[in-house]
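A.B. asks: Quick mapping for you: the protein sequence lines, in order, are chains S and Y.
Each residue of the first sequence is one higher than the one before, counting from 502 in my numbering.
Each residue of the second sequence is one higher than the one before, counting from 3 in my numbering.
Keep in mind that the hints are not guaranteed to be accurate.
[Stated by the list, open to error] One-sided and incomplete, this derived list gives chain S residues near chain Y with beta-carbon spacing under 8 angstroms:
#1 A594
#2 D595
#3 F676
#4 G680
#5 I685
#6 I689
#7 N842
#8 M846
#9 V853
#10 S923
[Claimed, not checked] Here chain S is said to cover these stretches of chain Y; the calculated rule only asks that three of the stretch's residues, wherever they fall, bring their Cβ under 8 angstroms from a Cβ of chain S:
#11 33-42
#12 107-120
#13 146-154
#14 171-179
Because the hints were derived from the structure by calculation, they are not lab data.
These numbers were taken from a predicted model, which means no experiment stands behind them.
Note that the Cβ used here is the ideal one computed from N, Cα and C, for glycine as well.
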Amino acid sequence: MSEKTDYHQFIDNKEGWVDRRIFWEEEIYEQELKQIFAKSWQFIAHDSMIPNTNDFYTTYMGEDGVIGARQKDGSVRVFLNSCPHRGNKFCFADEGNARSFICNYHGWSFGIDGKLGALANEHVYDEGDIDKEKWSPKQARVETYKGLIFATFDQEAPSLDEWLGDFRWYLDMMFDNDGETEFINGSIKSYANANWKFGVENFIGDAYHALWNHDSGLKAMNNGEGFGPAVQDGSFHASVNGHGWEFGTDGYADVVIGGSEKWLNYVRDIIKPKIKDKYGELRSNIFGSLASVSLFPNISFLPGIQTFRVWLPRGPKKLELRIFTIVNKNMPEEIKQEINNACMMTFNPAGVLEMDDGENWEGNTQVNKGYLTRQEKLHYGCGITREIEHEELPGIIYKGQFNDANQRHFYTRWADLMNAESWDDVPTRYKPRHTKITK
Amino acid sequence: MTKSPEKSAGPASMELTFEVEQFLYKEARFLDTEEFHAWLDILTDDIHYWMPYRYQRYRKNHVEPTVNDMAYYNDDMHNLKRRVLRNDTGTCWSEDPATRASHAISNVEVEHTDNPDEYKVYSLTTVNRNMNEDEEHLIVGHRTDILRRVNGQLKLAKRKIILDQNIFMNKSLNVFL
Chain S
502 MSEKTDYHQF IDNKEGWVDR RIFWEEEIYE QELKQIFAKS WQFIAHDSMI PNTNDFYTTY
562 MGEDGVIGAR QKDGSVRVFL NSCPHRGNKF CFADEGNARS FICNYHGWSF GIDGKLGALA
622 NEHVYDEGDI DKEKWSPKQA RVETYKGLIF ATFDQEAPSL DEWLGDFRWY LDMMFDNDGE
682 TEFINGSIKS YANANWKFGV ENFIGDAYHA LWNHDSGLKA MNNGEGFGPA VQDGSFHASV
742 NGHGWEFGTD GYADVVIGGS EKWLNYVRDI IKPKIKDKYG ELRSNIFGSL ASVSLFPNIS
802 FLPGIQTFRV WLPRGPKKLE LRIFTIVNKN MPEEIKQEIN NACMMTFNPA GVLEMDDGEN
862 WEGNTQVNKG YLTRQEKLHY GCGITREIEH EELPGIIYKG QFNDANQRHF YTRWADLMNA
922 ESWDDVPTRY KPRHTKITK
Chain Y
3 MTKSPEKSAG PASMELTFEV EQFLYKEARF LDTEEFHAWL DILTDDIHYW MPYRYQRYRK
63 NHVEPTVNDM AYYNDDMHNL KRRVLRNDTG TCWSEDPATR ASHAISNVEV EHTDNPDEYK
123 VYSLTTVNRN MNEDEEHLIV GHRTDILRRV NGQLKLAKRK IILDQNIFMN KSLNVFL
């Protein structure tokens, strides 16, 4: 593929299809690392994962290994986990607390701020051989949104607030419904032989699959009862800058999936009144309904079930999934554990719902090894004419949560970024109501 | 087997060790042959089936996982029955065709506990899972169990499983370990 590839050729929002090659081709994947993951704001960690000075957590932005570390002044720095001398990783732990990192190869040390410090046997270097400021690992820009730490290596990228845009209208009901949130300690990490986008797009808008694919899982959690009929009235897709939230307004369908009466009562008696006071009736009805959410490019969560995850790309045919449980800090310990147990029962590789998902995404991906198969298109036409204007809901809104709308807009954003030579080339495709756009 | 006057400390007798091994093999067979209700029957009602999350940390940062942390499993009987119910619904598409699994149980050590009816049992479970057209996965877990003698029969009362894998290498964990 040449430099001038137009990535909009891989999607068609009029006919409603996506080209399968974007889930398979190495060249497209390499372009994703450059155009999506080297530019986008990406999730690093939740504040509660690294609360103390010198706490660190290691993760990836695309396939670039990074360390997120809490500084003395309370801020977080994010920098490449690669020694500038010969390139080896200088931190091999998933998390911990350290005043410095020392590369195993030659003993170069790095402060918790990521700056190059003392070298082992430093006397072998002559005066002027090395400028330590210049030879420190690359640092990312870091910004936070309500406890979520994000980073980007692109100095030109818009602010995180602008990147999230009016999606914050929705995010607030999850991350600020009753004070600060926190993650339960630990996470479950797993691989699937699937393209990363299949995980993201499943959470961004695919309520449809739940009815069929998760029938057995829901029955397991809900005393043998499956989903009710698909309700399109009072349910929506909302898309902002490639982020997507699909939701109903029944108020409790996702909470029921967790199978905990104590959590259900807590949502009804504590959370919903708080949301209603703070954000109004509509959002108090949205929270807890059948819903799923993804943030562009690779974070997902389920409000009311409280699983939170990041999809890390590991090549075009493999992803690493990191799963967390998110709760409110001020919840009683018993409620936090009810939520954590419900997440564990449903959404981890052993969960009664997640077990079925991985199978689908691997299948979606691996069939594309067939040359002829991957020349065929995938259908994304559900609800293609259902766009509406809504007086209260910001973003690009479609009626009916059983819809491919958020998926279509996710891939549109994907193509916008894949094509962009600068941020001026990236259009704002929704009409902002709450966000000032600077670019 | 009738209740024998086992000592409250020291190594288990060959007879007891043999009985425990046979129990673990029978359990493995139930799991391999998908006899999940038979499996539930050899668990105590207060079963705790736990497989905590894994992280790799520096040795100086080592911490033991707790039951309040993230976990693959942190189940009581109610939750285990839910998992079995999923397989019974008739709509569990990913298990049809069925997964083929082999549990090899080894490294069995039996210890007495302060409770004369309970034994602490260490074992290694090595699971070969073959599914779909040709997918094969190896899952190895270190198990620490409490077995309890109820009405003369051994039952599993507690299980903690520690995986070798830091990142779980598969899309799903659809076999009990």
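A.B. asks: Decide, hint by hint, whether the structure agrees.
C.D. replies: Taking the hints in turn, this is what the structure says about them:
no.	hint	verdict
1	A594	holds (5 angstroms)
2	D595	holds (4 angstroms)
3	F676	violated (19 angstroms)
4	G680	violated (20 angstroms)
5	I685	holds (6 angstroms)
6	I689	holds (5 angstroms)
7	N842	holds (6 angstroms)
8	M846	holds (6 angstroms)
9	V853	holds (5 angstroms)
10	S923	violated (36 angstroms)
11	33-42	violated (count 0)
12	107-120	violated (count 0)
13	146-154	violated (count 0)
14	171-179	holds (count 6)
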